[in-house]
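Construct the entire structure; sequences and hints are all you get.
First to last, the protein sequences are chains A and B.
According to my numbering, the first sequence is numbered sequentially starting from 4.
According to my numbering, the second sequence is numbered sequentially starting from 2.
What the hints contain is simulated information worked out from the structure, not anything from laboratory work.
Just so it is clear, the structure is predicted and the values come from calculations on it, not from any experiment.
Treat the hints with care, as some may be off.
Unchecked claim - Only some residues are given here: those of chain A computed to face chain B with a beta carbon under 10 Å: (1) A83; (2) P105; (3) I116; (4) L129.
Claimed, not checked - To be clear about the criterion: a stretch of chain A counts as covered by chain B if any three or more of its residues have a C-beta under 8 Å from a C-beta of chain B, and this derived list gives those stretches: (5) 59-71; (6) 159-167.
What the hints assert, rightly or not - Quick partial rundown of chain A residues pointing at chain B, CB under 7 Å, derived from the structure: (7) A78; (8) K79; (9) A81; (10) T82; (11) A101; (12) L103; (13) R110; (14) Y113.
We treat Cβ as the ideally placed atom computed from N, Cα and C, and that holds for glycine.
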Amino acid sequence: MSTMYEVLPGPEHFLPPAAASMGIRLPDPGQAHIHGKIVNEDEAMEAAARQFLSAKVPTIFPGPLVLWAWNEKAAKKATAIRHLYETIKESVTPSQQAMLIPMPDYRPKYPKINPEIEINPNHPNLTIWHNKIDACMFVGVHCHQANLSLKIIRGGTYCYTIAMCAQAGHEDAMVSFRDATADKIMRLADWVKKLKGSVEPPKD
Amino acid sequence: MSKERIKIAAEMFEIMPSEYQDLVDRATYGKEGRGWKDIGTSKELIEEHSLCAGCPESMAFRYILASLPAPEDTVMVGSTGCTSLVFPHVGVHNIHSLFGNQNAIASGLKRALSVRFPGQVKDVVVLAGDGATVDIGLDMTLQAWFRQEKFTTICFDNELYANTGGQESGLMQKGFVAKMAPVGKTFEKVKLPEIARESGCHYVVNCTVSKPNLVEKVIKNAIHVAREIGPTYLQLYTPCILEIGKNSMEGLQEMRDSEKPTERFAYKEYVSDEAKELLTELAAKEKERKAAAKKQLAEKQLAGKA
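Given below as structure tokens:
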């Protein structure tokens with residue numbers, strides 16, 4: 004299906020359309036998508052790594068599927084995510100600030116969340132605004148909650164979103180991978196390392 | 002089952018907000034003999050709730066969560082009402098049902114858990130207000146009891162619809178005038194504890210939540226009886242201080258006043274013969290456990306001195 008719609012950083016508007024409703028489709032195994040265009044996975048790896056390296060505040064948002072050691076697979080992914088975070092931190096300039104902020108809960112939090120230390124899918128924009136996050140990656144977040152967050156972020160912020168999805172991917176992310184494994188996350192870290200120094204850091 | 006299943010990935014521990022770290026390190030999942038006395042020394046299974054200051058329901062919630070025999074293997078079913086404002090903050094699995102169908106949801110859930118986890122203990126506890134239990138959900142409440150579904154139903158009785166501004170409920174006292182019921186109630190408070198007994202509940206208690214040790218006892222009894230024998234029902238008075246014109250500090254006194262021997266929340270208990278037998282057996286085991294623990298402690302102290 005051809006489409007003119009592109010999934011781009013917002014703010015799009017208060018209620019952006021679901022990308023799927025605009026004709027964006029999910030990648031097949033071995034593929035990914037960039038702005039809604041299906042590409043091979045390596046191309047998307049490079050694009051995601053470039054985003055991390057060129058952002059002022061590149062951030063990873065791990066969700067409950069990787070925050071808790073449900074099983075060996077989850078624990079391995081957590082290790083890989085930590086490695087990716089450390090790699091980004093080592094690869095950016097001192098003016099950039101890499102962050103690792105958890106999404107421990109999907110339930111709305113009262114009286115309020117602390118946006119400095121966590122993100123909540125019902126109002127992810129608060130954490131993004133507070134920390135001035137301009138590129139982020141969701142990993143280990145259940146699909147429905149990731150979709151909700153990605154749409155809100157596209158609607159109300161200028162943040163560039165990447166989804167490292169363990170299922171079929173997310174139309175509403177600007178870059179989306181599918182079938183995420185610990186190895187795939189490590190491969191992304193390798194791309195960050197490989198591109199270190201070759202990407203222009205953000206201008207103040 | 003114990004805390005073993007509740008483990009944060011090692012690489013993620015330091016970034017988790019402190020309340021989750023505390024749940025893992027200091028909560029009482031899997032602790033034998035957990036109870037209300039853990040409040041203040043352990044991490045409670047309820048985070049900052051959004052109920053009104055001084056609300057007796059919040060006290061009740063804390064005592065109940067501290068008294069669940071196996072919170073890690075318990076699913077609570079809530080319904081619309083003030084209780085549904087608290088469930089988003091508890092460290093126990095929970096389901097929010099439609100207004101009134103909580104006992105139907107709990108019936109299906111309990112049966113599904115028995116099939117999915119045969120031979121394992123999985124407790125289901127319904128916690129709903131008087132509107133959900135007695136008015137809108139009375140059909141589902143009674144039918145679950147008729148069918149002898151093995152779960153506990155707890156009704157937080159505040160004698161009106163509190164969070165919608167004070168409408169009349171079936172459990173309101175006769176003659177009571179509320180903000181949205183200006184004429185005053187014209188018929189008696191529904192006698193649900195008696196109805197529960199006649200409908201097949203094996204353990205029924207009507208009381209207030211002024212005494213935490215009593216709440217702990219009835220919660221544990223109700224859950225153990227439901228686990229082994231059949232439906233149980235607890236009607237707990239948790240007055241809405243706002244709707245009855247009291248101040249934040251007056252909730253406890255209101256409960257104490259309402260539990261006097263001639264008052265409507267005087268302690269009332271019904272235990273079926275089967276349940277009596279079970280509770281006697283459990284009490285004997287608990288006594289043995291405490292004696293063994295005491296002996297162990299004494300031996301430890303003695304060894305320390307030596």
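Do the hints match the structure? See the list:
no. : hint    : verdict
1   : A83     : holds, 9 Å
2   : P105    : holds, 5 Å
3   : I116    : holds, 9 Å
4   : L129    : violated, 14 Å
5   : 59-71   : holds (count 4)
6   : 159-167 : violated (count 0)
7   : A78     : holds, 5 Å
8   : K79     : violated, 9 Å
9   : A81     : holds, 3 Å
10  : T82     : holds, 5 Å
11  : A101    : violated, 12 Å
12  : L103    : holds, 6 Å
13  : R110    : holds, 4 Å
14  : Y113    : holds, 4 Å
Comparing the model with each earlier hint shows violations of hints 4, 6, 8 and 11; every other hint is respected.
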